[in-house]
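Asker: Residue-level listing of the chains:
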Amino acid sequence: MSRQLKLGGQALALALVAGLLALLVWTVAHPNHVPKGAAPNFTLPRLSGGGDIELASLRGKAVVLNFAASWCVPCKQEAPLFEGLWQRYRSRGVVVLGIDAKDFRGDGRRFVSRHGITYPFAYDGPGRMYDRYGLTGFPETFFVGRSGKLVAHIPGAVGKGDLPQVVRYIRRALSS
Amino acid sequence: MRTLLVAAACVAALAVAAPAMSSERHPTLQELETMLICPTCHTTLDQSDAPIARRMKRFIVARIAAGDSASQIKAKLVAQFGEAVLAAPPKNGFDLLAWWLPLAGIAAGAGVLGIAAWRWSSRRGGTSPPALAGGPPLAPELERRLDEELRRYDR
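Just so you know, the protein sequences line up as chains R and U, in that order.
When we follow this note's numbering, the leftmost residue of the first sequence carries the number 1, and every step to the right adds one.
When we follow this note's numbering, the leftmost residue of the second sequence carries the number 1, and every step to the right adds one.
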């Protein structure tokens, strides 16, 4: 009986060590990764207050999802480009949606008003979507098709020189 | 004598509690920096120079100047960035596990070690070597030869 107990204990200890080792290997092998297929859904409060924004509610539209933060310098530089895209494509079924993540809400609001942004902005202070979308920094932009599928991703800032590519991605999102 | 002991215990408790209470009511940036995590680089604020960490430090300085306590400042930052901003998990609810599990692990380890040591020492001290413990008797011929050898050795 005692021998069986001892063997059982040893097996349990070995299983625990193996489990922890497997967890370690899995964590190292699977760092934050950009999701494929359907865009992870979220419901986040509007940065300005007054209700939430749910990604799924935008199904049927092409969504340009831009992760930004007020303290991020490249985000300030690309903000006017996204405002221009919003003004140009909103009537064609495109929504530009900003997500202010890992930021003070007040700073995010000032960022929006200072840059004259009129497209909707959601607030994700704890950065939950930052992890779910596999971001590695700010800014990053995702293009979500009408069906809710991720069709393209631009890690890093979008400059004027990237506009042709961005327009291509928007067309792809509109057609998927 | 008993009164003296109680008084000494009270003085000792006050000596420990007073700085803690003062630090809670009048925190310093240096103290709070070690208790809070930078959301982008995941190190404590005192070790981070990331833009958001610098912004958080400015926020803390402003709140200290406004007279907030350490708990109030931490609560305000948790409201913005979530509980992951705290370097140590809260001492309530499910997060209590993070405090108790290591202690339970240490206690369990000590228990296992203690039992193993006790069993090992009792086995060594309580049993005799197999030959002296009355194992199977020697064959008469072997016993005779052994006696002979011993007698020869004694001479």
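Any given hint could turn out to be false.
Straight-line Cα separation of at most 30 angstroms, DSBU-like style, residue types lysine-lysine; simulated pairs [what the hints assert, rightly or not]:
1. Lys-91/U - Lys-76/R
2. Lys-6/R - Lys-76/R
3. Lys-76/R - Lys-76/U
4. Lys-91/U - Lys-76/U
5. Lys-149/R - Lys-76/R
6. Lys-149/R - Lys-6/R
No lab work stands behind these hints: they were computed from the structure.
Asker: Now look at each hint and say whether the structure bears it out.
Answerer: Against the structure, the hints:
At most 30 angstroms may separate the alpha-carbon atoms for a hinted pair to count; Lys-91/U and Lys-76/R exceed this at roughly 39 angstroms. Between Lys-6/R and Lys-76/R the CA atoms are separated by roughly 63 angstroms; this puts the pair beyond 30 angstroms, and the hint is violated. A hinted pair counts as satisfied when its Cα atoms are at most 30 angstroms apart, and Lys-76/R with Lys-76/U qualifies at roughly 26 angstroms. Proximity of Lys-91/U to Lys-76/U is assessed by CA-CA distance (about 17 angstroms); at most 30 angstroms being required, the pair is judged to hold.
Taking the CA atoms of Lys-149/R and Lys-76/R, the gap is near 27 angstroms; set against the 30 angstroms cutoff, the hint holds. For a cut-off of 30 angstroms, the pair hint linking Lys-149/R to Lys-6/R is broken: about 53 angstroms separates their Cα positions.
Checked against the numbered hints given earlier, the structure breaks hints 1, 2, 6 and satisfies all the rest.
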